Amino acid sequence: MKKTRKQKFKLKISSATENLEIIREFINNIATKAGFDEESVDQIELAVDEACTNAIKHAYKYSTKRMLDISVFLDTEKMEIVIIDKGGGFNPDKLPVPNLEKYMRAAKVGGLGIHLMRTLMDEVNFSINPGKKNQVSLVKYLDRKSA
Amino acid sequence: MSGFDISRSDFDNITALHLSGFLDAHTVPVFEDAIQSLLKEDIYNIIVNMQKLDYISSAGLGVFMGFIEEIREKGGDIKLSNLSSKVYKVFDLLGFPALFEIYENEDTAKSKFNNS
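Protein sequences appear in the order of chains A and B.
Heads up: the first sequence begins at 1 in this note's numbering, then just goes up one per residue.
Heads up: the second sequence begins at 1001 in this note's numbering, then just goes up one per residue.
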């Protein structure tokens, strides 16, 4: 007898910013179906957008010929989204929490996305192997209210 | 497909940009271009009205950060108005209310320019 019902969803999609909308809809549909409230659905959608934007921008440098693999695992407790790219990696631990004053002077975009992901989700884990496989896992629990 | 639009209203010494739709890494160049053209016209008193903005990611917030210093150096400002609670939450999470003036409506934002 199964204790928890697990479901898996996969989306393999070209690494292009124009596909962010499709990715968001894919995530939104699953999160809504999983029973998250509207605010949590918005948070998951934004966190996944940020993770994919990072992969498109930094790992693939806007090359639309590359692919993003997005897997969603759903059980009665949580939703986990795993985003995999095979581009150049980075060290997420070396990214400081953005200092907005400094950031404003530098007028650069970056770091905000990862900070948002960490704020919006219950768990964020990176596994970075540049050129081979970079993976970010985002987890949101159904019974927790965060952010 | 991805809907994002900007319309512009010019007042005496203030220009308001009305954003609508989805502002993400794909649509952000449209917003950057709009601000850039204002700067080319030496317009530095800018209101960004987000009443019809459904979605914003950090790419969109980066535009504000990218231009604000130049605009303030010229004596201007970007003031924000009409944020939905969904959009406001994203600004709030990243600490923007400490750096930008955010008003409930465009008229209030306008009056703040006129007072300064």
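None of these hints come from the bench; they were simulated from the model.
These numbers were taken from a predicted model, which means no experiment stands behind them.
Treat the hints with caution; some may be incorrect.
Mimicking BS3-like on lysine-lysine, the simulated pairs with C-alpha atoms at most 27 Å apart in a straight line are [unchecked claim]:
1) B/K1086 to A/K57
2) B/K1040 to B/K1074
3) A/K65 to A/K6
4) B/K1112 to B/K1086
5) A/K133 to A/K86
6) B/K1089 to A/K78
7) A/K8 to A/K78
8) A/K57 to B/K1089
9) B/K1110 to B/K1074
10) A/K65 to A/K133
11) A/K10 to A/K33
12) B/K1112 to A/K78
13) A/K12 to A/K86
14) A/K61 to A/K6
15) A/K132 to A/K33
16) A/K33 to B/K1089
17) B/K1086 to A/K33
18) A/K6 to A/K57
Checklist entry - So which of the earlier hints does this model not fit? => result 3, 12, 14, 15 and 18
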